[in-house]
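*Asks:* Sequence:
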Amino acid sequence: MRNESLSPPINPVDPSAVWAAAMVNFETARTDEVAYDRTTWRPAYRASGNGGSNIPDSVDSQMELLTDVRCDAEDKLIATPAPNLAGVIWKIEYARKRWEEFEDWPNDWWNSVMSDLARLSIQGRVAA
Numbered sequence: 142m143r144n145e146s147l148s149p150p151i152n153p154v155d156p157s158a159v160w161a162a163a164m165v166n167f168e169t170a171r172t173d174e175v176a177y178d179r180t181t182w183r184p185a186y187r188a189s190g191n192g193g194s195n196i197p198d199s200v201d202s203q204m205e206l207l208t209d210v211r212c213d214a215e216d217k218l219i220a221t222p223a224p225n226l227a228g229v230i231w232k233i234e235y236a237r238k239r240w241e242e243f244e245d246w247p248n249d250w251w252n253s254v255m256s257d258l259a260r261l262s263i264q265g266r267v268a269a
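Numbering (our numbering), first residue to last: 142 to 269.
Note that these hints are calculated values from the structure, not bench results. Any given hint could be a false lead.
[Unchecked claim] Pair ranges (Cβ atoms, derived): (1) Ala158 x Gly193: 25 to 31 Å; (2) Asp245 x Asp201: 55 to 61 Å; (3) Arg260 x Asp178: 31 to 37 Å; (4) Asp178 x Glu241: 16 to 22 Å; (5) Glu242 x Lys217: 19 to 25 Å; (6) Glu242 x Asp198: 49 to 55 Å; (7) Pro197 x Val165: 29 to 35 Å; (8) Ile233 x Ser157: 17 to 23 Å; (9) Pro247 x Val154: 22 to 28 Å.
None of these values were measured; they are calculated from a predicted model. Here a beta-carbon is modelled for each residue, glycine too, at the ideal position from N, C-alpha and C.
Work out the full structure, taking the sequences as your base and the hints as a guide.
*Replies:* See the structure below:
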């Protein structure tokens, strides 16, 4: 009987491709959110602040949806193992900006970054 746990995957997934796909998904979600904010939500917000009608529920709902989509893509990207040190540095720089008004980053973000660093450190020792 063959031990499946010792067999290499039939179609190994390229970590760089997984990271790149997560980055594209995040960038697309962020671009969509920023564009809607700039062209629709923010003008409605300014108008309501200047005595105009309230922000339409449909505009608020769409902004919330786009923000949720971006947050989900952001969390998935952070949880995706960085394929190299540059990816870990990107995570740290992004987290510093994203959480600058908070006391600390969420634990799952810290865990992801520390896992990346530990994994890359081990890979570096093996390659040396």
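*Asks:* Confirm or reject each hint.
*Replies:* So, going through the hints one by one against the coordinates:
1. Checked against the given bound of 25 to 31 Å, the beta carbons of Ala158 and Gly193, roughly 47 Å apart, lie outside it.
2. Checked against the given bound of 55 to 61 Å, the beta carbons of Asp245 and Asp201, roughly 30 Å apart, lie outside it.
3. Checked against the hint of 31 to 37 Å, the pair Arg260 and Asp178 passes, with Cβ atoms roughly 36 Å apart.
4. The beta-carbon spacing between Asp178 and Glu241, approximately 19 Å, falls within the hinted interval of 16 to 22 Å.
5. In this structure the supplied range 19 to 25 Å holds for Glu242 paired with Lys217, their Cβ-Cβ distance being about 23 Å.
6. For Glu242 and Asp198, the hinted distance range of 49 to 55 Å is not satisfied, since their beta carbons lie about 28 Å from each other.
7. Between Pro197 and Val165 the beta carbon distance is about 31 Å. The supplied range of 29 to 35 Å therefore holds.
8. Taking 17 to 23 Å as the suggested C-beta distance range, the pair Ile233 and Ser157 conforms, at roughly 19 Å.
9. Between Pro247 and Val154 the beta carbons are some 26 Å apart, a value that agrees with the proposed interval 22 to 28 Å.
Hints 1, 2 and 6 from the list above are not met by this structure, while the remaining hints are.
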